[in-house]
Every structure is written in structure tokens, then in C-alpha cells.
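Please work from the sequences and hints to get the whole structure.
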Amino acid sequence: MKYDPACNSNAHLVSRRSMLGNMVAGAAGVGALGQLIHPLVAREIEAKNKQVLIFLLNGGLSQFESFDPKPNTDTGGPFRSIPTAVPGTHFCELMPYTAQIADKLAVVRSVYAERVPGSHGGAREYVVTGRPPQQGPYPWIGPVYSRLLAANEDLPGNIHITPSRWGPRQDAAFLGPRHASLVLSGGKPPLNVDRPDLFNEELDDTRYRLRQLADQRFSQRRRTAYTEAYQSSYDQAAQLIRQKELFDVTKESEKDQLRYGSHDMGRHCLLARRLLQKGVTCVKVTHNNYDSHMENFNFHLEQLGEFDQPFATLMQDLKESGQLDHTLVMLVTEFGRTPVIQPDNGRDHYQDSWSVVLGGCGIQTGGVLGATNDNGTEIANRPVHVGEMFHTYMQAVGLDPTATHLVGGNNVPIGAPERSAVKELLI
Amino acid sequence: MAAEEIEPKYVPKPDGADPVATRLVAELKHDRGILACKYDPANQFLFAGARDYFVHRWDLGKEPVLEPPADPKKKPRYPPVPTAPADSRLEMAEHQSWVGGVSLFSDGDRMATGDFVGQLIVWIDRAGTPKPLFSFEAHKGSIRKVAVSPDGKLVASVGNDGAVRVWQTDAAGKLHQEMLGHDCHVYHVAFHPDGKSLVSADLKGVVKHWDVESGKLVREIDASLLHTYSVKYEVDVGGIRGMTFNADGSLLACAGATGEDKGIAHSGDARVLLFDWESGGLLKALRHEKKEVCTAWGVQFHPDGFIIASGGSRTGGFLWFWKPEEEVAFHRLKFRQRAPGFDVDLAPDRKTLAVADHDGTVRLYEMAAEENVETPEESVKT
Numbered sequence: 001m002k003y004d005p006a007c008n009s010n011a012h013l014v015s016r017r018s019m020l021g022n023m024v025a026g027a028a029g030v031g032a033l034g035q036l037i038h039p040l041v042a043r044e045i046e047a048k049n050k051q052v053l054i055f056l057l058n059g060g061l062s063q064f065e066s067f068d069p070k071p072n073t074d075t076g077g078p079f080r081s082i083p084t085a086v087p088g089t090h091f092c093e094l095m096p097y098t099a100q101i102a103d104k105l106a107v108v109r110s111v112y113a114e115r116v117p118g119s120h121g122g123a124r125e126y127v128v129t130g131r132p133p134q135q136g137p138y139p140w141i142g143p144v145y146s147r148l149l150a151a152n153e154d155l156p157g158n159i160h161i162t163p164s165r166w167g168p169r170q171d172a173a174f175l176g177p178r179h180a181s182l183v184l185s186g187g188k189p190p191l192n193v194d195r196p197d198l199f200n201e202e203l204d205d206t207r208y209r210l211r212q213l214a215d216q217r218f219s220q221r222r223r224t225a226y227t228e229a230y231q232s233s234y235d236q237a238a239q240l241i242r243q244k245e246l247f248d249v250t251k252e253s254e255k256d257q258l259r260y261g262s263h264d265m266g267r268h269c270l271l272a273r274r275l276l277q278k279g280v281t282c283v284k285v286t287h288n289n290y291d292s293h294m295e296n297f298n299f300h301l302e303q304l305g306e307f308d309q310p311f312a313t314l315m316q317d318l319k320e321s322g323q324l325d326h327t328l329v330m331l332v333t334e335f336g337r338t339p340v341i342q343p344d345n346g347r348d349h350y351q352d353s354w355s356v357v358l359g360g361c362g363i364q365t366g367g368v369l370g371a372t373n374d375n376g377t378e379i380a381n382r383p384v385h386v387g388e389m390f391h392t393y394m395q396a397v398g399l400d401p402t403a404t405h406l407v408g409g410n411n412v413p414i415g416a417p418e419r420s421a422v423k424e425l426l427i
Numbered sequence: 001m002a003a004e005e006i007e008p009k010y011v012p013k014p015d016g017a018d019p020v021a022t023r024l025v026a027e028l029k030h031d032r033g034i035l036a037c038k039y040d041p042a043n044q045f046l047f048a049g050a051r052d053y054f055v056h057r058w059d060l061g062k063e064p065v066l067e068p069p070a071d072p073k074k075k076p077r078y079p080p081v082p083t084a085p086a087d088s089r090l091e092m093a094e095h096q097s098w099v100g101g102v103s104l105f106s107d108g109d110r111m112a113t114g115d116f117v118g119q120l121i122v123w124i125d126r127a128g129t130p131k132p133l134f135s136f137e138a139h140k141g142s143i144r145k146v147a148v149s150p151d152g153k154l155v156a157s158v159g160n161d162g163a164v165r166v167w168q169t170d171a172a173g174k175l176h177q178e179m180l181g182h183d184c185h186v187y188h189v190a191f192h193p194d195g196k197s198l199v200s201a202d203l204k205g206v207v208k209h210w211d212v213e214s215g216k217l218v219r220e221i222d223a224s225l226l227h228t229y230s231v232k233y234e235v236d237v238g239g240i241r242g243m244t245f246n247a248d249g250s251l252l253a254c255a256g257a258t259g260e261d262k263g264i265a266h267s268g269d270a271r272v273l274l275f276d277w278e279s280g281g282l283l284k285a286l287r288h289e290k291k292e293v294c295t296a297w298g299v300q301f302h303p304d305g306f307i308i309a310s311g312g313s314r315t316g317g318f319l320w321f322w323k324p325e326e327e328v329a330f331h332r333l334k335f336r337q338r339a340p341g342f343d344v345d346l347a348p349d350r351k352t353l354a355v356a357d358h359d360g361t362v363r364l365y366e367m368a369a370e371e372n373v374e375t376p377e378e379s380v381k382t
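Sequence lines, in order, name chains P and A. First residue of the first sequence? That's 1 in our numbering, and the numbers climb one at a time after it. First residue of the second sequence? That's 1 in our numbering, and the numbers climb one at a time after it.
Calculated from the structure, these hints are not laboratory results. Hints should not be assumed to be uniformly reliable.
A short, non-exhaustive set of chain A residues, derived as facing chain P with CB atoms under 7 Å [stated by the list, open to error]:
id, residue
1, Tyr53
2, Phe54
3, Thr83
4, Ala93
5, Ser97
6, Trp98
7, Phe116
8, Val117
9, Val235
10, Ile264
11, Arg314
12, Gln337
13, Ala339
14, Gly360
Note that CB positions come from ideal geometry on N, CA and C, so glycine has one too.
If you want it as C-alpha cells, here you go:
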């Protein structure tokens, strides 16, 4: 089978990252290779030290219960709004800690998208690729950052901290599995990261060098995309084994572990800080259970109660360490939730308007862009399309979203060509 | 051959209620979902909490009227129902969030209400010009329910902070007892008719029996059938949504939903658990004959001996009727509107039910056949 970087066949569905995630030696199904893709754009030198922290509030965060509260209206929930660090800007009372760091954030209250097939999956893909899923597959934003920003070859460029039972996603598309997310399910290190007792470090190095020699000899006559993927997988796996402490959040001080909280979201935020400090280019943290068709208020109370403090703590730490100066922070969700309160005290999916929050490098913080009407049923001011947000995410870290990837001889624009960045959000 | 005699599912007592004949008789309209409703023992008023910042009082003495149809040429799907006139509703302002807890004192003068930001208000002159006697922050976060003791000297409140607090009713914030021990949101509270015991019920289906005087935990009753832990989503789902004693305090009913792990977007199946108060043992898990994917939100004992629950989901709302000795409902009434009834209360006449509906209406149902008229089409006998 010939190498086709844009192919979406099942043969490519075993990603290199999923292999790395399990530390399993064997790359029989490994497909497209990032190394063979040459973007037309030169990597922006100044972008090389940029990092990205993405929070995905999975299921569809309610804008009413977070960044665009409408208390005492027919659509507002039972919760009050509270003042924030930005005079005149109010958040829902479920986010008291985030309200205190509102000056480090830019809130966009007028994001929208067309309805797309695939419910959550489709909408999520729209948000993280800037393109409707039916046009794809396009690489998700993490792999794009890994491809265009990652400077340290010894580290995974794109790590995804997820709730338990999340597996790897095929999120790199034509960028190749090299840039697909390394998934840390439940915030735990990759499986089998410990060297077998059978080998000490010296013996293992010897074994590794022998394998390299065999690979090189084989590759001299039979070099293909697959052999490169195979070799690259081993190389990165070996690096991860050497750096297994990278994933060990218990190495952080007890004081910090207490500050972030002992629940999963607290641990995951602390792990994100650790990964960023160690130089990982893009870290994504997914927080679950916002798909509140039923009991919207109970679930948002629970979930935001978990999310709020560690998120604000992490933002504060990044600010104090100076990392926020070169780290873009994105807080995204696949869509908002309906103004109408449904019979089961729930809110359904809503793509007509929702909120996205940015912070860190390249972003004009301390303000709100866009507005919804009095009861949040429609955008009243400055609609912002998800495609425009994708361009903004690129431009904030110094990347040119109008540049292209070279895929199989074709130029593929990084961002949807019909869209452009939201200038009001950028410094 | 003689015709086969069909045994009626329920035989009304002389001059008693006939639940099988239950029919909609009036609508008390508002524009926000109704969360709780309580009849005034004098049958003069109906009080309700809703998804707004008011306590609502309807004057039941003002005769409901039949409004002309919006489109006279269009045949209505259902026969028209009289509606309470707009001036029959009084808005009592003071709360700062939705009002989910409403409980009346038996003195005819006072009432207690609690809102979703933890404020508890004791009102006076409820039948005249209601005004707060006092208000205070009783809980951090939402108050889910309040309950006034039979002698009116105490009011209990429960909420999202996991606490059960019993307050004296002669002044603001005078704590009689604080009962701690729930490890999750507490959804419901009720005084035993003897006034000496209090039960509180939570998200995980734990019912705690407290001694009112000492504040000590007496025992726990297991209603965890009404709770599901979603392994996939790692969250607790369900909980005890309605809870009440029968008049002599020998039975305790807990309403909610049970079922398999369906994640966070779907309810389990409606259930009412019936407990023997003395032993704490489960007597029956009351259900509909078919799977009813929804939640039972409100529950009441009728003096004639049957049990009534209201509930539903987005697919429909229902009233269910059970005999305590039978697990399967002998009758179910499906609402006209696709909306659950979040609460149900029995009128002092013992024949009328008020249901607090999601769609912003309190609906009154009469448990008696209309003279010379057949059972309405929406009444589905089981």
C-alpha cells in the first residue's frame, strides 16, 4: 500500500501516539508520517518557545451557568451573578475563583457555529479544527501546534489529560500520528512505562542500540513511511521511559497538591502545570459531564465546583512564574446550552451562541467581546464564528493561519480560508 | 352464559375520592416552571415556589373562567379548561433565587420558604398581606426543601451544603439543632407526625432519621434504589425527590427514579419506595406496570389509603396511584402537556390535587367523575 497522508483508511487507525500511550513495541498499523509533510510556511522562529494550554469542557458548558449569566430572567437558572476582577463584568456565582482572575482572561460571549452532523463529536471537531467535520478530516488544534511549534524532539508535542476510560483519538489527520495526542487517561502515566525488571538501564541501552542498528540496516534498502514510523515510535517510547517522572504529579510539593485539590481535576491541572514547566508544547485537559440535558443546574454546580479553583490556581501560577507570557490558554467547549430550561431541569445543545475564554500570550485580556441579548437567546453584538476563533488561536502564538500545510503535493490552508482572526482579541 | 365480571381496580370509599376518575378541572397559570405547591388548610389559597424570585399565592375563591379559544375555527385537541383569573395570583417578593421549599404553619398565619441561594424566609399574614417576619441565610448554596414541625415551633431546612438545620421560629437564625452526616446534596426533609423525629434524604438515596430534640442520628434507612452511580461518567445520578409520611406516621414514602446506568442525560424509571417506619424495612417499590423512563418528583398519602405521585420527563408527565399492598399502579393519568409534575399536594377537600408543572402552570385535578360525563380521554386506565 502506498503512503497517502490524506488517507483515512482503517489501515491508519492505529496511531503512533496510541502505541506510545501503551508503550507497546509494534507498529504494524502505523500510517502517515509527519516527517514527510513539508508545510510551505517556514516555522516562525519567535513562535518556537510558545506553549498552549487547552481546557475542553466536554459535553457543552452552559454559558448561563458560567461566563454569560442571566439571573432573574425566564432563561436564567437559579444561580446569581457575581462581580469579577474586571469592573462591570460578572460571571455566574459557580465560578468565584475564576472571577478573581478575570483580568487575565478575555471572554467571548458571542461564539456561534452552524449545526453539523455528529452531535458532540462533530461540534467538537468544528471547534478544534475551525472547519465543519464533513469537510474533513482536518488536524485538531493540538496536533497543529505540535507540528508547527514543538521544538523539543525529546518530548511529546501534544499531550491530552483526560478523564478515565478515554482512549486515543485520531486527531492528527494528515499531519501524521507523530503529532496525535498522547493520551493520559485519568491523568495516569502511559501504561508499561516502567522498564521490565529483566533489564537494568545499561542492558536496556545496549538492547536499544542493537535494535537501532538492525533498523538502520533494514532501512537502507527498504525505507518507507512505515519503517520511519516504526523507528520514530521506538525512539519516542524510549524517551518517555527515560522521562517517566514527567507524568508523576506526586513529585510536586504537598503544598501544591493541596492547593490544587485531591479530586481528578485538581490533579490534572497540577499535571498540566508540570508538563508545561517541563516544556511540552501543547497540553490539553478535558473535564467531563457538561452534557446536562437533565439536571443542568446540579451537574454544573458539581462540575464547575471541581473546575473553578484548580483552573484559577493554575492561571495564577502560570502568571507568577512568567509562563503565561509565552503560553496561550484556551477554555473551549463544543457548543453552549439552550436558553430554554427543559422539562428534566436540563438544557440542550445550543450552537447559536456560547462563550469561549482565552488568556495568556498574544491575547488582549481583561475584557469581554460580544454580547447576547437580555435573556441569552441570541447574539446581540459582534458574532464570532468558531472558524474565526481557530484563526485567532493560531495568530495568538505567532502562527500564520493563512499559511498552508503541504499534503501529498497539495497546499491545505491551516485555517479555513474564508475566515480570519478576531483582531479585537489579539495584542 | 353470564357476562364476565371485571373486578374494578379501585373501589372508592363512600364519599371518598375516586382516583380512577381523576380529571383536570382548572389551571393556575404562570410563565415560569412551578417547583413546589402547598394548599392552605382552609382551602382558601394555594402557595407555590417557581423558577423565579417570588412566592406565588393563588386565591382559590376566585372562580376560574373559560377563556375563548385562540383560533375559534380550529378544533382544540382537548376540551378547554377553566383558568384562574390573572388577579387571583399575588407575587410575594423577597427571595433572591428560585423557591423550591414551601411549608405552611398550621396556625393559618405563617409560612416558611427557602430558595436556591440559601435564604430562608418565615412569612406572616399569609392569608392577608404577606410579609417576611424574618429572613436569613440558612445554608451555603441552595435550600432544597423546608418543613415546619407539627407544633409550628421549628422549621427544618436542607440543602446543597449537606447540612440539616432545625431553626426556632420565634426569631431569625436561632438554631435549634444542626445535624451533619450527609456527604452529598440533601434533597428533602420531613417531620414525623409525632414531631419528635425528622428525616432527611439525599442524592445517594440515604434517609437519615434524627431525634429532633437532641439532634442525634437515630438510624439510616436505605433508599439507595433511587440512586445510580454512573460508572462511565463517574457521577451520582438520581436521589430522593419527594418524601412524606402518612397521617399516623406508620409509613414513609420516598419518590425518585431507579434503573441502569444511563449516564447523565437520561432518567431511570420512576419509583416510589414505601417503608415501614417502625422497622425501617422496605415494603414495596411502587412502579407503573411498564417501564416509565422518568422521575417521580412528588408523593402524597391519601386518607383513603392509596398513594399518589407526580412526575415525568420531557416525554410526558404523569400522576400515578397505588394501593400500598400492590407494587404496580392501579391507575395512571397522563398529562396533556409533555412536562413533569414536580410536586403534588392534596387539597383539604381530599378530592382535589394540585400539581406543580414544569410548563409554568399549577393544575388542579379532581378525583371524582364529572356527573353524567364519561371519563376524559386523557385519563388512561391501567
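Hint check results:
Hint status for Tyr53(A) relative to chain P: holds, with the closest Cβ pair at about 6 Å, below 7 Å. Taken as an interface hint, Phe54(A) does not check out: its beta carbon lies about 10 Å from the nearest beta carbon of chain P, beyond 7 Å. At its closest, the beta carbon of Thr83(A) sits 20 Å from a beta carbon of chain P; the interface hint therefore is violated under the 7 Å criterion. At about 11 Å, the closest approach between the beta carbon of Ala93(A) and any beta carbon in chain P exceeds 7 Å, and the interface hint on this residue is violated.
Nearest Cβ of chain P to the Cβ of Ser97(A): about 5 Å, under the 7 Å cut. The hint holds. A cut of 7 Å between beta carbons decides the hint on Trp98(A): the least distance to chain P is about 4 Å, and the hint holds. Evaluation of the Phe116(A) hint against chain P yields a held restraint, the C-beta minimum of about 3 Å falling below 7 Å. The beta carbon of Val117(A) is positioned within 7 Å of a beta carbon in chain P (closest approach about 6 Å), and the interface hint is therefore held.
The interface hint given for Val235(A) is met, as the beta carbon of that residue sits about 6 Å from the closest beta carbon of chain P, less than 7 Å. With a cut of 7 Å, the hint placing Ile264(A) at the interface with chain P holds, because the nearest CB-to-CB distance is about 6 Å. The interface hint given for Arg314(A) is met, as the beta carbon of that residue sits about 4 Å from the closest beta carbon of chain P, less than 7 Å. Interface restraint check for Gln337(A): the shortest CB-CB distance to chain P comes to about 9 Å, outside 7 Å, so the restraint is violated.
Interface hint status for Ala339(A): upheld, as the beta-carbon distance to the closest one in chain P is roughly 5 Å, under 7 Å. Against a cut-off of 7 Å between C-beta atoms, the interface hint on Gly360(A) is violated, since the closest Cβ of chain P lies about 9 Å away.
In this structure, the earlier hints numbered 2, 3, 4, 12 and 14 are contradicted, and the remaining ones agree with it.
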